[in-house]
Amino acid sequence: MPNIQAIIIKSSDTYNLKKLISLRAFLLEEQDCPWTLAYDHENINEAINFLQNNSLKFFLDLNTRNLIKLNIKPLEVIMMPKNKKLNYVETLNEIINSFLYENEFVIDKLRSNPFFEDTLFQEIQTNKYDVNLNIFNIYNKRNQDLKNLFEKANFNLKDNYNCSQFSKELKIKNYWKYLWSNVEKYKDESIINNVIV
Amino acid sequence: MNAYLTFTRILNNEIHFIGLENPINANEIKNQQLLSGQPVLCVIENKKLLSLYLVRNDGFINQIFGEIDNLFQLNTIKDISLINLLKYNSFKFYLANIFQILSFDEMNNFYQLMTELENKIFYNFLHTEIIDFKKLIIREINKSNWTQEYKKRFIEKLNKTRIISKKLLNKKIDLDLSGYRIYINTRI
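Quick note, the sequences are listed as chains A and B, same order.
In this text, residue positions in the first sequence follow this note's numbering: the first is 1, and each later residue adds one.
In this text, residue positions in the second sequence follow this note's numbering: the first is 1, and each later residue adds one.
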């Protein structure tokens, strides 16, 4: 097992920022969540389009490559107990935030996991991100589908203590990926409008 | 006072903790939601259970017994779940897979049957030596109260299910101990 704490400290510079973001993604089990830095794009609409136009596999591969560059094997992070992971995340958050400066970290967590908060849509709703109407409508529709899915499944995370509930959680995740993870869903709004939960 | 991470074993509302001598006040726990094979944290002093925490699938812990949160007074949790970890993860993996053939409506309507099957499997086998997991699950499916049609579907799904990585079956129980100053000792 590599000394992750030492790797984090050693890599604490702007050159390694994206690698550290990828490490944090693995620690938070968000390794396939689409993310980008707004400064890499002309405006926020472009940044969101970049997230939409790339598959979850693209982001998983990106994060995996970055992790390997840090000399950490992905499976080692996956196998790590949650308590340990959260300790590293605390350290990483401080370092990453200090290097972001004015740069905006844009992430779409909900696309890969229906149990994550839709932070992207929250930012859109509070007008932090000035996005076009088409983008707003897509994420608005996605949120409605999410509500419908949880109603249909009759699932409450606070009861999730046994295998029977766990199987339902997995089914919700798989169903959500089928509904909203594909690039095509975001490209063609007419398809999105025809999705029936 | 010691804290242990282990699994429950439940029959007719009677609770046992695998690997621990049963606390003298175990009968005070009346929680219909408990099933065999659930990871729990129990704090015990002088053979008496002081507090009990259920561990959610995402690692969040929830105290369901005891007036005081004793984890704040302790430095270590003794992890005695490791000896049964491979069995726990294997059964969890197979059960989660076979139940997924059910629709959401079926999952809601047959929840009782699902938990009965789950309870039976963990009660009978989690503490024993096992070689063939699938064979044991098939045996319990056949003895269960599910209809023949569902039994057939479960067994078909089980036979098709393959474990992708055996390493993942050794993954320790996730515990979110944010806010506590306590660490987990696995070298028991």
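Since the hints were made in silico from the structure, they are not lab data.
Quantities reported herein were computed from a predicted structural model and do not represent experimental measurements.
Watch out, some of these pointers could steer you wrong.
Here are the computed lysine-lysine pairs in the DSBU-like style, where the Cα-Cα straight-line distance is at most 35 Å [to be verified]:
id, chain 1, residue 1, chain 2, residue 2
1, A, LYS173, B, LYS48
2, B, LYS157, A, LYS177
3, B, LYS47, A, LYS152
4, B, LYS47, A, LYS173
5, A, LYS152, B, LYS134
6, A, LYS171, B, LYS157
7, B, LYS135, B, LYS172
Here is what the structure says about each hint:
1. LYS173(A) / LYS48(B): violated (41 Å)
2. LYS157(B) / LYS177(A): holds (21 Å)
3. LYS47(B) / LYS152(A): Given that 35 Å is the threshold and the Cα spacing comes to 45 Å, the pair is violated.
4. LYS47(B) / LYS173(A): violated (42 Å)
5. LYS152(A) / LYS134(B): Roughly 31 Å between the alpha carbons, so the hint for LYS152(A) and LYS134(B) holds.
6. LYS171(A) / LYS157(B): holds (15 Å)
7. LYS135(B) / LYS172(B): At roughly 25 Å apart (the allowed maximum being 35 Å), LYS172(B) and LYS135(B) satisfy the hint.
Hints 1, 3 and 4, counting from the list given before, are not met by this structure.
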